[in-house]
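Student: Protein sequences appear in the order of chains A and B. If you're matching positions, the first sequence starts at 31 in the working numbering and goes up one per residue. If you're matching positions, the second sequence starts at 436 in the working numbering and goes up one per residue.
For the record, the hints were derived by calculation from the structure and aren't laboratory data. Treat the numbers as computed from the prediction; the structure is a model and nothing was measured. Just so it is clear, CB atoms sit at the ideal spot from N, CA and C, and this is done for glycine as well. Incorrect hints may appear among the rest.
As the list claims (entries may be wrong) - Restraint-style ranges between C-beta atoms, simulated for each label pair:
1. B:622 x A:156: 49 to 55 Å
2. B:962 x A:276: 20 to 26 Å
3. A:227 x B:622: 55 to 61 Å
To be verified - From chain B, some residues computed to sit far from chain A (all C-beta separations above 10 Å):
4. 471
5. 477
6. 537
7. 579
8. 617
9. 639
10. 651
11. 658
12. 674
13. 754
14. 773
15. 828
16. 847
17. 913
18. 1032
As the list claims (entries may be wrong) - Not the full set, but computed from the structure, chain B residues with beta-carbon under 8 Å of chain A:
19. 811
20. 868
21. 878
22. 881
23. 882
24. 885
25. 888
26. 889
27. 891
28. 896
29. 1012
30. 1054
31. 1058
32. 1062
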Amino acid sequence: MTPLTFRLARLLDARGWAAFAAIAVAAAMVVPLLNTALPAGHPLRLPDYMVPLLGKYVCYAILALALDLCWGYAGILSLGHGAFFALGGYCMGMYLMRQIGTRGVYGHPVLPDFMVFLNWKELPAYWYGFDMFWYALLMVVLVPGALAFVFGFLAFRSRVTGVYLSIITQALTFAMMLGFFRNNFGFGGNNGLTDFKELLGFDVQARSTRIGLYVASVLALALAFLACRFVVTSKLGRVMLALRDAESRVRFLGYSVTSAKLFAFTLSAMLAGVAGALYVPQVGIINPSEFSPANSIEVAIWVAVGGRGTLVGAVLGAFLVNFAKTWLTGAAPEVWLFFLGALFIGVTLFLPRGLAGLAGQWRAGLGAAFRRRPGAVEARDA
Amino acid sequence: MNPLKRFVLSGLIWLLPATGLAQDLAALLAGLADADPKPAIEALLKSDDAKSKAALTALAEGRLFKRLADGAVVSAEKDGPMYVVTNAASGEIEDMAKEEELEPIGLDDDAKALLAHLGTAPADRKEAPLDFAGAVNALNAESFSEKAKAIERLTQLGDGRAVPVLQALADGRLFTRRGDGALVIGDRAGNDLRLTAATTLERGDVVKPGAIEPVVINNNLRNVVREAVGRLGLVSPDAAARRNAADALIGAATPEAVTLLREAAAKEKDRAARAAMMLAIAASDLNGADKALRLAALDVLSASTDLRVRSLLQARLAAETDPEIKVALDKAFAGVQRKLMVIGVAENLFQGVSLGSVLLLAAIGLAITFGVMGVINMAHGEMIMLGAYTTFVVQELFRAWMPPSWFDYYLLYAIPAGFAAAGLAGIALERSVIRFLYGRPLETLLATWGISLVLQQLVRTLFGAPNKEVANPAWMTGGFELTGGFLVVYNRLYIVVFCFIVLAAIAVILRHTTFGLNMRAVTQNRDMASAMGIRAGRVDMLTFGLGSGVAGMAGVALSQIGNVSPNLGQIYIVDSFMVVVFGGVGNLFGTLIGAMTLGVANKLLEPFAGAVLGKIAVLVAIILFIQKRPRGLFALKGRAVEA
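All chains should be modelled from the sequences, with the hints used to inform the complete structure.
Tutor: Okay, here's the thing in structure tokens:
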């Protein structure tokens, strides 16, 4: 068995490490510098609103990474990853709600405003402990992880695969959305959790806190990327790839397909939970619409645009699509859905390997051009 | 004094008090609450103003109050536990008040004597000619008490034409037309209202809701109307009308009405009408003094399944002192309660079957595209939506181009139109996108999701985001009562029937046509079918078109039970997939069972768990069910499974 340090060093090749370090440092340093060091009015100065916006993109990138791990490598297309993301977000939101203390509208020392409003007398048991940051952090990982574990165990054990799995994951997030919309679930119903005041004693509205959260998100993305690399370069990663391409064969070779899938799915859900937890303090609200099936399916298109099974592609896709979304919903709101729809169709038809695969596809295309008619796309390659 | 000056002066003398009164009506009204209201009453008596008259009438009838909050004089009428407060100066309804917030304005003998003059003034209004039109027009009186009188007079005319007018008044469908103030009955026709003149019952034109103003009534008046309709209807030559009339009198009959009922029941031949009359008489006898009569009444009542009877029994049970009657009451109440429960379950079952048939319609198309072809079509919901919008377009075309008498049949044209529109859209979809993605289900899923987004946005751009309302044709509105309180609504019933016709048609196409044979051949073994000379690509295209077309017909049906909106399909897509997955892929019978099970389970759970929790419970149950039988209830066996 290779020593761990050796394994870690081999996560990326030399060029890869150089690029990774350069991008991570640049992302973590340049944005805060552009925002704080430059004088107001300087053309390169980053406006204050951009910091949480970029932070939001980074959180989406972590979510896309999580989905790529289970879709691109283990072949599980989960259309319910938004549920894990939102659960992580709700755990963080519950901590932030408990931090409000007496500063709420009703000034109740323990109960959040919406509970006072609903005339509740005491805190429900599942809200206990969320006044402690470490407990909230633990829950951010454990709650989505536990749900994914139970759901995945039931699904993979009985060999629910492919589109069936996609549809029931969608039903899962749909059911959660219906539930969280209800007031008596105790998560603020329709309005969700909002009006946060401070995080670990720092004002969530303050510029310094936002920069801190942004840097934390970038670090989390970097760590998540390395963790995913670690998994996909391991022997388990090989099994995952194999079962993606020929599940029955892997099973007959004696590997436990269920455990491998369950591992990928659960880890992926935990990562999604972390992404959600970082997302909530930056956008300042979490509500049940995060559970909507449409949100989850949008994550799949980020990964598909970037190129699944590449990890880098997922991150790239999340940034590109969300940047386009911010820009288009501002510039021409009615065009955005046309664009998103066209993206879904175009990417699946013409870019099956996404942007990350484009270079390879192009090179292969050039090579093939000498042998075959140029531009012939193989339509029926399964 | 020259004549000119005299003329000007006399004019001024006439004008001054009039203008002064008009401006100071509020001040005069305030004077009514003074210790000595006489000057104010005298001043009001002098005025010719209708509002002053109304205020004095209210004063004489004891309907004038001083509001304790601000000391203003208001007229108020009791409506249930609260008073409806009207600003006496402007005649507009202001708000509701509790009894303790108002102080009645009392009258001493002097003031009463003054008001006795008043008797002459409103009297000429009371002696309106006793013709039908005049009596109807009197319904639009200022105060509730005058309206009640108008209703009474209209009833005394004994004219059968009064029934629809009074019914409209009770249902809030009686309006005054802005402009000429004529009384009209308005019936919904899409977003507009079709008017019928209340005095002649002649059909009028269709207007926007803004052109008319409702005639306001309160709950007390509603009871008066109900009673009046009942009394009028008892002498109607139509048995159904007599039955409805007796039905309206259950628990609401006045002593005169009971006398009428007894007379009518004695000579009634129609069984249903007679039963309703007996029930109404029994309901009134229950509160009487004669013990034998009361026990007999209980016998009759215990056979009923009317909610009103139940509350009547319940109220009596709380107040009853006679032990013998109490025992009988207990028994009768329990019997009614049990019957009502059975009906409740039956109602839930019917609603469940109705929901199930909607789901089935939405899922049949999916059973073809997903079940038979294996294509995950996330845009399936949008095919439903296209069908619904086609219905809307057909409706608008009929409104614009066809004679109004044809309008009721537009739906029959909308069905093939919806099938064609969605079917063609499906064929276009299959040829342009899906055929490149066969064998790659996950990609198909994403691409069709994209198509669904584009279609939704397209419809939103073309038709606008707000909901469109599609009118029910006359033959689909209303319903019939199966037994006490169990109402079967026509549009739901027709959808159940329609869905079974569609299912049968699809089964016939699959089993007994060449196209169906080709389709089954291609799905079972594509290469072999091609080798036998079947054009597989063309079969794919037509199959997909058929599935989409059926979805379009589902949209036509859905437009009849709800509004049409761009995200109509999204509401049903998850449920439809659940139906197909639950019922088993590639099996129409499974789809039928799946849809009905889901529909009935949803509706049966609703009363206990609420709509949302019920739905969640069903979703979770399906997720767990799929663990046990990953391929659904009726799974295909053999080689086709792994294809």
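Student: Now look at each hint and say whether the structure bears it out.
Tutor: Cross-check of the supplied hints:
One distance hint, 49 to 55 Å for the beta-carbon pair residue 622 (chain B) and residue 156 (chain A), holds here, with the actual separation near 53 Å. Under the hint 20 to 26 Å, the C-beta atoms of residue 962 (chain B) and residue 276 (chain A), about 22 Å apart, fit the expected range. Between residue 227 (chain A) and residue 622 (chain B) the Cβ separation comes to about 56 Å, which falls inside the hinted range of 55 to 61 Å. With 10 Å as the threshold on Cβ separation, the claim that residue 471 (chain B) sits away from chain A holds: the shortest Cβ distance comes to roughly 52 Å.
With a minimum CB-CB distance of about 56 Å to chain A, residue 477 (chain B) clears the 10 Å threshold, and the non-interface call stands. Look at residue 537 (chain B): its CB is around 32 Å from the nearest CB on chain A, clear of 10 Å, so calling it non-interface holds up. With a least CB separation of 37 Å from chain A, residue 579 (chain B) remains clear of the 10 Å interface cut-off, as annotated. For residue 617 (chain B), the shortest C-beta to C-beta distance to chain A comes to about 45 Å, beyond the 10 Å cut-off, and the non-interface label holds.
Chain A leaves residue 639 (chain B) outside its interface by the beta-carbon criterion, the shortest separation being 41 Å against a cut-off of 10 Å. For residue 651 (chain B), the condition that its CB be more than 10 Å from all CB atoms of chain A holds, with the nearest at approximately 34 Å. Chain A leaves residue 658 (chain B) outside its interface by the beta-carbon criterion, the shortest separation being 36 Å against a cut-off of 10 Å. At the 10 Å boundary, the C-beta of residue 674 (chain B) stays outside the reach of chain A, the nearest C-beta of that chain being 49 Å off.
Residue 754 (chain B), annotated as away from the interface, keeps every beta carbon of chain A farther than 10 Å; the closest lies near 34 Å. Distance check for residue 773 (chain B) against chain A: the nearest CB is about 32 Å away, which clears 10 Å, and the non-interface claim stands. With a least beta-carbon separation of about 21 Å from chain A, residue 828 (chain B) lies farther than 10 Å from that chain, consistent with its non-interface assignment. Against the 10 Å criterion, residue 847 (chain B) stays outside the reach of chain A, whose nearest CB is about 34 Å from its own CB.
At the 10 Å boundary, the C-beta of residue 913 (chain B) stays outside the reach of chain A, the nearest C-beta of that chain being 33 Å off. Distance check for residue 1032 (chain B) against chain A: the nearest CB is about 16 Å away, which clears 10 Å, and the non-interface claim stands. Given the 8 Å rule on beta carbons, the hint for residue 811 (chain B) holds: about 5 Å separates it from the nearest Cβ of chain A. Look at residue 868 (chain B): its Cβ gets to within about 6 Å of chain A, closer than 8 Å, so that hint holds up.
Here the hint on residue 878 (chain B) is kept, as its CB sits about 4 Å from the closest CB of chain A, short of 8 Å. Interface hint at residue 881 (chain B): satisfied, since its Cβ lies 5 Å from the closest Cβ of chain A, which is below the 8 Å cut-off. The criterion of a C-beta within 8 Å of any C-beta in chain A is met by residue 882 (chain B), whose closest approach is roughly 4 Å, and the hint holds. Taking 8 Å as the C-beta contact cut-off toward chain A, the hint placing residue 885 (chain B) at the interface holds, the least distance being around 2 Å.
Interface restraint check: residue 888 (chain B) against chain A, minimum CB-CB distance 4 Å, threshold 8 Å, status holds. At a threshold of 8 Å, the smallest CB-CB gap from residue 889 (chain B) to chain A is about 4 Å, leaving the interface hint in force. For residue 891 (chain B), the interface hint holds, since its Cβ comes within 8 Å of a Cβ in chain A; the closest pair sits about 7 Å apart. A least Cβ separation of about 6 Å between residue 896 (chain B) and chain A falls short of the 8 Å threshold, and the interface hint therefore holds.
For residue 1012 (chain B), the shortest C-beta to C-beta distance to chain A is roughly 5 Å, which falls under 8 Å, so the interface hint holds. For residue 1054 (chain B), the suggested interface contact is upheld, since its CB lies about 4 Å from the closest CB of chain A, less than 8 Å. Hint status for residue 1058 (chain B) relative to chain A: holds, with the closest Cβ pair at about 5 Å, below 8 Å. Annotation: interface hint on residue 1062 (chain B) holds; nearest CB of chain A at approximately 4 Å, less than 8 Å.
The structure shown violates none of the earlier numbered hints.
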